[in-house]
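**Student:** Please build the complete structure, drawing on both the sequences and the hints.
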Amino acid sequence: MGKDEHASVGKPYAYSELPLKSEEGRQVAIIKVPFGLAGARGGAELGPDELITAGLRREIARLGLTVQREVRVDCTNMPASSTEKSRGKYLSEVRQVSERVCREVSNAVTGGAFPLVLGGDHSIAIGTLAGLSANYSKLGVIWFDAHADLNTEEHSLSGNVHGMGLAVAMGHSSFNFSQIPGAGSFIDPSKVVYIGLRDLDDYEKLQIRTLGIKSYTMHDIDRLGIEQVIKQALSIVGEGTDGIHISFDMDCLDPREAPGVGTPVPGGLNYREAHFALELLASTNRITSMELVEVNPLFDQNRHTARLGVELIASLLGKRIL
Numbered sequence: 000m001g002k003d004e005h006a007s008v009g010k011p012y013a014y015s016e017l018p019l020k021s022e023e024g025r026q027v028a029i030i031k032v033p034f035g036l037a038g039a040r041g042g043a044e045l046g047p048d049e050l051i052t053a054g055l056r057r058e059i060a061r062l063g064l065t066v067q068r069e070v071r072v073d074c075t076n077m078p079a080s081s082t083e084k085s086r087g088k089y090l091s092e093v094r095q096v097s098e099r100v101c102r103e104v105s106n107a108v109t110g111g112a113f114p115l116v117l118g119g120d121h122s123i124a125i126g127t128l129a130g131l132s133a134n135y136s137k138l139g140v141i142w143f144d145a146h147a148d149l150n151t152e153e154h155s156l157s158g159n160v161h162g163m164g165l166a167v168a169m170g171h172s173s174f175n176f177s178q179i180p181g182a183g184s185f186i187d188p189s190k191v192v193y194i195g196l197r198d199l200d201d202y203e204k205l206q207i208r209t210l211g212i213k214s215y216t217m218h219d220i221d222r223l224g225i226e227q228v229i230k231q232a233l234s235i236v237g238e239g240t241d242g243i244h245i246s247f248d249m250d251c252l253d254p255r256e257a258p259g260v261g262t263p264v265p266g267g268l269n270y271r272e273a274h275f276a277l278e279l280l281a282s283t284n285r286i287t288s289m290e291l292v293e294v295n296p297l298f299d300q301n302r303h304t305a306r307l308g309v310e311l312i313a314s315l316l317g318k319r320i321l
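Mapping of the sequence shown onto numbering that gives the first Met the number 0: position 187 corresponds to residue 186, and the numbering continues sequentially without gaps.
Quick caveat, the hints were computed from the structure, so don't treat them as lab data.
Since the model is a prediction, treat every value here as computed from it, not as a measurement.
Some hints could be false.
Distance windows between CB atoms, simulated [as the list claims (entries may be wrong)]:
| id | residue 1 | residue 2 | range |
| --- | --- | --- | --- |
| 1 | Arg71 | Ser91 | 13 to 23 Å |
| 2 | Gly211 | Asn284 | 37 to 47 Å |
| 3 | Leu156 | Gly266 | 19 to 29 Å |
30 Å max Cα-Cα, derived DSBU-like pairs, lysine-lysine [what the hints assert, rightly or not]:
| id | residue 1 | residue 2 |
| --- | --- | --- |
| 4 | Lys230 | Lys204 |
| 5 | Lys204 | Lys190 |
| 6 | Lys213 | Lys230 |
| 7 | Lys137 | Lys213 |
| 8 | Lys230 | Lys137 |
| 9 | Lys213 | Lys88 |
| 10 | Lys137 | Lys204 |
| 11 | Lys137 | Lys190 |
| 12 | Lys204 | Lys88 |
| 13 | Lys190 | Lys213 |
| 14 | Lys230 | Lys190 |
| 15 | Lys190 | Lys88 |
For every residue, glycine included, the Cβ atom is placed at its ideal position computed from N, Cα and C.
**Tutor:** Shown next as structure tokens:
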């Protein structure tokens, strides 16, 4: 069914720094979105602060990058009573957060900064993609996740909107971009690539086939290797696009590496596969934004998942072993 300290985590390697896009003084906008109502279990709203505490600012500074701005999106995690009839839970709260995230992400892009969005559950991707699509006419998206997030209110078994983000972004939900002020056009499924899938609902499997979304399951990663997967993914999202976004759900990792997530699924990416994937992406100098979501401190062990999240962000921003 779908979305219905490991010994290696820490500082096992000595890294040298390579600034993002090899540009000194490159600016990053940290956008914290402490929202967890749309997830399966509470606690994801604590993720952004946990990533900061785990040393994110320090890692960014070590890379020679500048934090242009650091904003905290106003989020409610106490649902209001509502007469809205929908099978999607807390849709009014998700709409509010999506509007605010859209605005902050769009402002970061127009201000010349690299948007680094920290979740929160994965429903925050709705606002991220809305804000990016307002600035990029043809956006490519690489979606690291154990789940496809393609359910709709009608087909979701749980009603949790963190499992509907891409359906919304592609216009397949009754809640869509047209309801988000400042949003751009829908995301083109031909420019979306999944990496790490292993837990899908039947409806999501059908949608992936129907929409022709390129998907690399863990079976494909075992068969091809992560290097070949990333190269093929880049050939898809990089052709004819003017921006490439990385949406990284920490549950794409094996729970032995990242126990502190809301919906863990065995058999995910290991430590080096994840780092190598993001290192390869960074080396292209084409990645224009990233979000990292679903860090849940309530289920973590000695902040291992948050520390790993910081390390992975650093790899995407240009950190290398040598």
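**Student:** All hints are to be evaluated individually against the structure, with a verdict given for each.
**Tutor:** Tested hints:
A C-beta distance of roughly 21 Å is found between arginine 71 and serine 91, which places it inside the suggested range of 13 to 23 Å. Distance hint for glycine 211 and asparagine 284: a CB-CB separation of about 28 Å, inconsistent with the stated range 37 to 47 Å. Distance hint check: the CB atoms of leucine 156 and glycine 266 are about 21 Å apart, consistent with the given range 19 to 29 Å. For the suggested pair lysine 230 and lysine 204, the alpha carbons sit about 24 Å apart, so the restraint of at most 30 Å is met.
Between lysine 204 and lysine 190 the alpha-carbon distance is near 18 Å, which keeps this suggested pair within the 30 Å criterion. Taken as a hint, the lysine 213 and lysine 230 pair is honoured in the structure, with Cα atoms around 13 Å apart against an allowance of 30 Å. Note on lysine 137 and lysine 213: the hinted pairing holds, with a Cα-Cα distance of about 17 Å set against a maximum of 30 Å. For a cut-off of 30 Å, the pair hint linking lysine 230 to lysine 137 stands: about 20 Å separates their Cα positions.
Restraint check for lysine 213 and lysine 88: the C-alpha separation of about 29 Å stays at or below 30 Å, so the hint holds. At roughly 25 Å between alpha-carbon atoms, lysine 137 and lysine 204 fall within 30 Å of each other, so this suggested pair holds. Taking the CA atoms of lysine 137 and lysine 190, the gap is about 8 Å. The hint holds against a cut of 30 Å. As the CA atoms of lysine 204 and lysine 88 are separated by approximately 22 Å, the hinted pair is consistent with the 30 Å bound.
Taking the CA atoms of lysine 190 and lysine 213, the gap is near 8 Å; set against the 30 Å cutoff, the hint holds. With a CA separation close to 14 Å, the supplied pair lysine 230 and lysine 190 stays within the 30 Å bound. A hinted pair counts as satisfied when its Cα atoms are at most 30 Å apart, and lysine 190 with lysine 88 qualifies at roughly 28 Å.
When the structure is compared with the earlier hints, a violation turns up for hint 2 alone.
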